[in-house]
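There are 2 protein chains.
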Amino acid sequence: MSDFTLHCFAESGNAYKAALMLELCGADWQAKGIGFFKGETRGADYRALNVMGEAPVLVHHRAEGDFTLSQSGAILIYLARHFQKFGHETEAEEFEILRWVLFDNHKLTSYTATERFMRHFRGKAGDPTAEFIYARAKDAWNVLETHLRGRDWVAADRPTIADLSLCGYLYWPEQIGADWSDYPAIDRWLQRLKELPGWQAPEALMPSGQ
Amino acid sequence: MSDFTLHCFAESGNAYKAALMLELCGADWQAKGIGFFKGETRGADYRALNVMGEAPVLVHHRAEGDFTLSQSGAILIYLARHFQKFGHETEAEEFEILRWVLFDNHKLTSYTATERFMRHFRGKAGDPTAEFIYARAKDAWNVLETHLRGRDWVAADRPTIADLSLCGYLYWPEQIGADWSDYPAIDRWLQRLKELPGWQAPEALMPSGQ
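Top to bottom, those sequences are chains A and B.
When you line the first sequence up against my numbering, it's residues 1 to 210, in that order.
When you line the second sequence up against my numbering, it's residues 1 to 210, in that order.
Hints listed in this document are in silico derivations from the structure and should not be mistaken for laboratory results.
Take the hints with a grain of salt, since some may be wrong.
No copy labels: a pair is met if it fits in one copy or bridges any two.
[What the hints assert, rightly or not] In silico BS3-like links for lysine-lysine, alpha-carbon gap of 25 Å or less: (1) Lys138 <-> Lys32; (2) Lys194 <-> Lys124; (3) Lys194 <-> Lys38; (4) Lys32 <-> Lys124; (5) Lys138 <-> Lys85; (6) Lys38 <-> Lys85; (7) Lys85 <-> Lys124; (8) Lys124 <-> Lys38; (9) Lys138 <-> Lys124; (10) Lys194 <-> Lys85; (11) Lys138 <-> Lys38; (12) Lys32 <-> Lys85; (13) Lys194 <-> Lys138.
Just so you know, these numbers come straight off a predicted model, no measurement behind them.
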């Protein structure tokens, strides 16, 4: 058995954050596909695994027993500590990473993932609700763009889990309605991340949830 | 000077999370009001304090210099460590707390705060976008309700910062369109929190942002 099992599917940017981290850390891990588009995360079996009903869920197969964890941000922090990679070196860095992981969850991913779902998977681009959420996603991209001007990485002088969290949905520019040439600092930062040894696209790491 | 300054305003549930924590910890703190409804968080001065443009911001006046932190979840974790209160005792608890703080930011507060803003401050209840976001907020309340059945507290056998994070917007049932009698486990849990020594309502802790 692998050291880690990740319950995931390729269309989930939240799952991608964890999958990319595992891959960049050289972890011994396996992807267990979730039939998201068949409603699997709404079923009782999945809710027993994760009451929040979301992907990803990480299971760490430890000698003393399995440790199960949901929420990509919590998974990233757990893995950074386990592998001693992409984490903080000082307390100031620790909280800088944490606040960007939280901003990602609260503002950037939450709106980006929802407007992508409506736009790309439900064909609702232009619908007033989709537009409302799209405007909020763009507000969050602008905050990130402003922050990245003159910086290579989000929270330190090297890539950290804050970068891995924030990039989760951003390699699908057409699906989320982004033209990164309008956001040059984000564009260069996504390229920089892509050049990290071991980087792979979501579809190369996880099975489809279709 | 107080030990802590919290940039905040009474209408912000995110600011309330930090204010309530400071109060329950018996901190020496002062509230510095933000004129949110006058657009202050969108101004250059505020963006210099917090590029994310959000409340709250905590400043800890330390001997070695001020430490400034945004994002309520990061602030709660910082204060739990500083005061050794409402934090974890084991690694399993640490990650259970963390995943609920993230769930709160990602799903519960993000939708609840937005639909409250539209409903209460903009009079848009019934608008399709407000209804869409309201439905998502209720999904998150249902997850919390399910989780709290048979539990007194969210992440441990005692109150932790996970409880303080999740309750941020929930003491305004009319403003968010909630009838807690439909969510009896949440109802009892909110009552339990209210009975903690030092508990106060948002308006008693912070000045209005109007």
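So, going through the hints one by one against the coordinates:
no.	hint	verdict
1	Lys138 <-> Lys32	neither (32 Å within a copy, 29 Å between copies)
2	Lys194 <-> Lys124	neither (30 Å within a copy, 42 Å between copies)
3	Lys194 <-> Lys38	neither (31 Å within a copy, 41 Å between copies)
4	Lys32 <-> Lys124	neither (30 Å within a copy, 42 Å between copies)
5	Lys138 <-> Lys85	neither (30 Å within a copy, 37 Å between copies)
6	Lys38 <-> Lys85	neither (35 Å within a copy, 43 Å between copies)
7	Lys85 <-> Lys124	neither (40 Å within a copy, 46 Å between copies)
8	Lys124 <-> Lys38	within (20 Å within a copy, 34 Å between copies)
9	Lys138 <-> Lys124	both (17 Å within a copy, 22 Å between copies)
10	Lys194 <-> Lys85	within (17 Å within a copy, 41 Å between copies)
11	Lys138 <-> Lys38	between (30 Å within a copy, 22 Å between copies)
12	Lys32 <-> Lys85	within (24 Å within a copy, 38 Å between copies)
13	Lys194 <-> Lys138	within (22 Å within a copy, 38 Å between copies)
Checked against the numbered hints above, the structure violates hints 1, 2, 3, 4, 5, 6 and 7; every other hint is satisfied.
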